[in-house]
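Note that the protein sequences, when read in sequence, are chains V and L. So the first sequence is numbered by the numbering used here: it starts at 1 and just counts up by one. So the second sequence is numbered by the numbering used here: it starts at 264 and just counts up by one.
No wet-lab data here; the hints were simulated from the structure. As the structure is a prediction and not an experimental result, all values here were calculated from the model. Just to be clear, a hint being listed does not mean it is correct.
[Said to hold, decoys possible] Taking lysine to any residue and the SDA-like style, the derived pairs with C-alpha atoms no more than 25 Å apart in a straight line are: (1) V:Lys118 - L:Met321; (2) V:Lys224 - L:Met321; (3) V:Lys118 - L:Asp355; (4) V:Lys224 - L:Thr429; (5) V:Lys224 - L:Ser413; (6) V:Lys224 - L:Glu326; (7) V:Lys14 - L:Pro380; (8) V:Lys118 - L:Glu364; (9) V:Lys118 - L:Ser389; (10) V:Lys118 - L:Arg325; (11) V:Lys118 - L:Pro380; (12) V:Lys19 - V:Ser186; (13) V:Lys224 - L:Pro380; (14) V:Lys224 - L:Glu364; (15) L:Lys285 - V:Glu37; (16) L:Lys285 - V:Lys19; (17) V:Lys118 - L:Gly360; (18) V:Lys19 - L:Thr429; (19) V:Lys224 - L:Asp358; (20) V:Lys224 - L:Gly360; (21) V:Lys118 - L:Glu326; (22) V:Lys224 - L:Ser389; (23) V:Lys14 - L:Glu421; (24) L:Lys285 - V:Lys224; (25) L:Lys285 - V:Ser186; (26) L:Lys285 - V:Ile258; (27) L:Lys285 - V:Thr61; (28) L:Lys285 - V:Gln141; (29) L:Lys285 - V:Asp31; (30) L:Lys285 - V:Glu42; (31) V:Lys224 - L:Ser319; (32) V:Lys118 - L:Asp358; (33) L:Lys285 - V:Arg67.
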Amino acid sequence: MLARRVIPCLDVDKGRVVKGTKFLNLTDEGDPAELAERYAHEGADEIVFLDITAAHERRGTMLEVVRRTASRAFVPLTVGGGVRSVEEMRDVLRAGADKVSFNTAAVAEPALLTACAKRFGSQAVVCAIDARRLPREDCAQQRWEVVTHGGRRRTDLDAIEWATRAVALGAGELLVTSMDRDGTRSGFDTELLAEIATRVRVPVIASGGAAGPADFVTAVRDGKADAVLAASIFHRRMFSVADVKAAMAAAGLPVRRIEEQTA
Amino acid sequence: MSGPIRVAVLDYGAANMVSITKALAAVGADVVVAAEPSEMAGVDAIVVPGVGAAGSAMEHLRERGLLEPLRDWIRAGRPCLGICLGFQILFDSSDEGGGVETLGLLAGRTVALEEAPTLPHIGWNSVEAARPHPLFDGVPAGSYFYFVHSFAPAPADESVVIARTTHGRPFASAVAQGSLFGLQFHPEKSSEAGLRVLSNFVGLVAARRPPGSVAAPAAGEVA
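Build the full structure now, drawing on both the sequences and the hints.
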């Protein structure tokens, strides 16, 4: 049975893991390859690197990070942020990544999803969707709007429509982040997740709002998510990947437990 | 005493060569990346990795002159491991992209996983032994491995199937026929369990290496 995945996400700036609040007050938290390896040993099913390096400072540092990580952490690796062309995606994959996640670039140029899926297969193309709740008018259905540039820019795109369109264009997976919940530790937006997950056949990764292991359970059970991503609760060592998986297993969800693997 | 097992990983444009070469090196193999037939010289085994589409994989193998040497190698009964797409193209044909003729070294056809609840089949799924096989020595029953695919081979001869996985329906996730092995999952992305399978593969190659055949020393090609 297909396990529900637990995915730690690492923000990477100029080749170092950073953490901060809304891209401010960044502090150096160490080497991405080392942290990724640690997470892999703790049972992470996949690692996501989010490159937040400013465009003008990018000079292949991320490729070197990917290369070093893929040489020592034998789990799937996804890179998001800063990839804007088929050629750039090819370089990231050749460095050892398995998937590339497109967010703002896909909204700006939807055909990029198709071009990359044609070249590398849809399994390697993740569409990341940052969504924000729109004010709900009486009796109207709840709607979500796609936002880009880390939530700073509105798009007028309906998040549910964009999700189904992204899949039609070639995305093999959707990474859905609730910008209302991101960084708030108030739990995932399960309503948003379920709206998308019940409309697409590709796996949906839940993101934004994890406070503890119980949220991972609801993201899967109520949000119908196939995988759950989180950053700060793992970085700050509030919970380990194993803690989260123990809670998911206790709730009857299929997970890959590391202690069963290394008997 | 013989040297370490030398393994050629075929580079036919499949995207990620880093993980497979590093994983094989991690289990003690001398790894050579072979993008042309001459680079296969002196190796003990060939690994056919792969992500992508069957049609373009066959095209690239042909363009690089690797297709016939690979077929000859397997027909001669020499050790080979196909991974994911590299596993699927060992069969007669694939339905992917409207149908394509593949290597024809294992009988059967690669078909879509139509009944699957989610496609592509992405993630960790459990692998159940169909029969005991040394490739899975030391791997606990029902261990999880990492899969990324939408198609899976249907072997005509069920006796080659050594493990199955279920996603919508059961499919062959590992096969063995003599010294030819195929895995639908990615051992190089399957953490400790995957490294164990690769280590078992290298061990099987070592056990089958003809006596007295010592691999030529690695000449700067080690990845």
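Does the alpha-carbon distance linking lysine 285 of chain L and lysine 224 of chain V stay inside the 25 Å limit?
violated, 35 Å
Please work out if lysine 118 of chain V and proline 380 of chain L have their alpha carbons no farther apart than 25 Å.
holds, 23 Å
For a C-alpha distance cap of 25 Å, please report whether lysine 118 of chain V and glutamate 326 of chain L respect it.
Distance ~20 Å between lysine 118 of chain V and glutamate 326 of chain L Cα, so the pair holds.
Please work out if lysine 285 of chain L and glutamate 37 of chain V have their alpha carbons no farther apart than 25 Å.
With a Cα-Cα distance of about 14 Å, the restraint between lysine 285 of chain L and glutamate 37 of chain V holds, given a limit of 25 Å.
Hey, lysine 224 of chain V versus serine 389 of chain L, does the alpha-carbon distance stay inside 25 Å?
holds, 20 Å
Can you confirm whether the C-alpha distance between lysine 224 of chain V and aspartate 358 of chain L stays at or below 25 Å?
violated, 30 Å
Given the hinted pair lysine 14 of chain V and glutamate 421 of chain L, is their alpha-carbon gap at most 25 Å?
Violated, because 52 Å separates the two Cα atoms, which is more than 25 Å.
Hinted pair, alpha-carbon criterion (25 Å max): lysine 224 of chain V, proline 380 of chain L. Please report holds or violated.
holds, 12 Å
Given the hinted pair lysine 224 of chain V and serine 319 of chain L, is their alpha-carbon gap at most 25 Å?
Judged against 25 Å, a Cα distance of about 35 Å means the pair is violated.
Hint consistency between lysine 285 of chain L and lysine 19 of chain V [alpha-carbon to alpha-carbon, up to 25 Å]
violated, 30 Å
So if I understand the rule, the pair passes when the alpha-carbon distance is 25 Å or less; does lysine 118 of chain V with methionine 321 of chain L pass?
holds, 16 Å
Does lysine 224 of chain V pair with serine 413 of chain L here, judged by a C-alpha cut-off of 25 Å?
holds, 21 Å
Checked against the numbered hints listed earlier, the structure breaks hints 2, 6, 7, 9, 14, 16, 18, 19, 20, 23, 24, 25, 28, 31; every other hint is satisfied.
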